[in-house]
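Start from chain A and add chain B according to the hints.
First to last, the protein sequences are chains A and B. Going by the numbering used here, the first residue of the first sequence is number 35, and it counts up by one from there. Going by the numbering used here, the first residue of the second sequence is number 35, and it counts up by one from there.
Each statement offered as a hint is correct.
For chains that are exact copies, the list does not tell them apart, and a pair is met inside one copy or across any two.
Lysine-lysine pairs mimicking BS3-like chemistry, simulated, CA-CA at most 25 Å apart:
#1 258 - 113
#2 76 - 146
#3 43 - 146
#4 68 - 43
#5 39 - 66
#6 146 - 68
In case anyone wonders, no lab produced these hints; they're calculated from the structure. These figures come from a predicted structure and were not determined experimentally.
Here's the letter readout for the chains.
Number of protein chains: 2
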Amino acid sequence: MTNIKELAKMAGVSVTTVSRVLNNHPYVSIEKRKAVLEAIEKSNYQKNINAVHLSTGRTQLIGVVLPFSDHPYFALLLKGIAKKALENNYKLVLFQTEYLESRELEALQMLKQKQIDSLIICSRACDLSVIEEHLLFGPIVLCENIKSEKISTTFVNHYKIFQEALEYLYQKGHREIGYCIGRLTGTSSYKRERAYRDFLEKYGLPYHSEYIMDKCLYFEDGEKVINQIKQMDTPPTALLVTNDQVAAGIVICCQKQHISIPDEISIIGFDNEPIAKMMNITSIEIPLVEMGMNLFLQAVSSDISNKEWSVKLMERETV
Amino acid sequence: MTNIKELAKMAGVSVTTVSRVLNNHPYVSIEKRKAVLEAIEKSNYQKNINAVHLSTGRTQLIGVVLPFSDHPYFALLLKGIAKKALENNYKLVLFQTEYLESRELEALQMLKQKQIDSLIICSRACDLSVIEEHLLFGPIVLCENIKSEKISTTFVNHYKIFQEALEYLYQKGHREIGYCIGRLTGTSSYKRERAYRDFLEKYGLPYHSEYIMDKCLYFEDGEKVINQIKQMDTPPTALLVTNDQVAAGIVICCQKQHISIPDEISIIGFDNEPIAKMMNITSIEIPLVEMGMNLFLQAVSSDISNKEWSVKLMERETV
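Excised from the complex, chain A in its bound form:
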């Protein structure tokens, strides 16, 4: 591969002149321009796009931070982001973090170093203040329930969703209600826990810490949930399961163990994935692909916006 120095040598001009010709800069004499173009022709030189980025300050790359790319929730957000990226001629740089702060910091560092134009953070482990410090280097968009004049966000209201789902189960006669989440420490989880505690307080119901089941992410975690429930003295009669994969895993496991749904236990899934529809699982529809598309549009916009999306309870046969 010929580099810019070799081209300069071949053309008998300075490196600066070669750079000017590559970037269509006007202050180059006709003779020198011709010499450079001939050298390029001769050496089959490919313009190094990093030189263009250096001169324009834009890369057409958008960073996407997500903990796991193989989880349907994030895969659907990514699908929406990727759809709009293609339409707008951007490429995506993927940061699969597994919720390690160090990996999120790498993404922020790339924004700082102008390797990406903006950053979309689908879910984070690091502190909000760390993210805010990096806003001066380029747009950062969050997929969480924050209303801020400084940072664009796309979100659903996890407090309200949980509250409404719990009320729905209460109206159906349930008093022992548990829930399954991906991780206890996320910002959405705090909001859900608050909704849960407020609900219990409103109706004077006791708090059972074992009713909150952590690390439920994949289909196969459904079995773990049922095994935990079987150990309990007073098992819950209904579960909110914050993703449909786990809900489907629970339903399959109940079928195998002859546990009747909804008679012995009721299930509400989240996201309304195709698996919920096919297995007749009551689920809360969250428009993840559309939210992903909006995250991308916010990432390339110079305006700050906070967009809340509404959800819909799809009543089926598991409650």
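Then chain B, alone, in the frame of chain A:
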């Protein structure tokens, strides 16, 4: 954001001098270096990493071409690629192509323009010759059954896998065997069709074109398959289903429609995803995460290698 021109103006030196200071070039006087460093300090200038890439010729970015990121097959390959990328301090640039040639060409163009160091193509629509033309711009790795001295590949032998699965069903007494695939035109599909035709010929069985069911990618396609089969005069008694999502969809659909598995129809899934294990679906295990890890290692290696992976039939309850 201060750019290099503004820095030069602030420091009272040329743009070339600023660039030399940023890249630790030796030919800068102490006074000028000091002036530039003071201007940087004053303006809080962040080194534009594109300038570094221009001088090193490396970006630490690897491109990944895949048709859909939300499909478990590709999500698991991507998981393996992402795991090794993180370990080796590389970032991934994602090209979600939906099998459009134009989008694959964009990825090849980025390799040509040195925006990425190498390219991993998980599945392609464009011609092999087009890919080979781009090998001079950087390593390209394919996830398909090609043995070549020019290009690195990671693959399973789709001909052999299909042949063995068909033999297995034949030994179990099946004579009317169909199969479901993601797309008819892929290179893997040609190999599978050849194995299928060779199998029919070997045992003198008739060829039914309707036994080959195309565009089976997602869970919800299982319903479509069952509806197609119900229209047939002589429906197949067994199906090879080239991914477990569709196999699971078929099993759920059969349960709903009271079609007995394996008595009325036998099912063999592919990939041995967790859903296959939980639903007791006989499946062919393909080590997708390990294959993804190998694809990455090939992408950063200067050697050409062709690595075939072996698979394993997991016998469960659907045959």
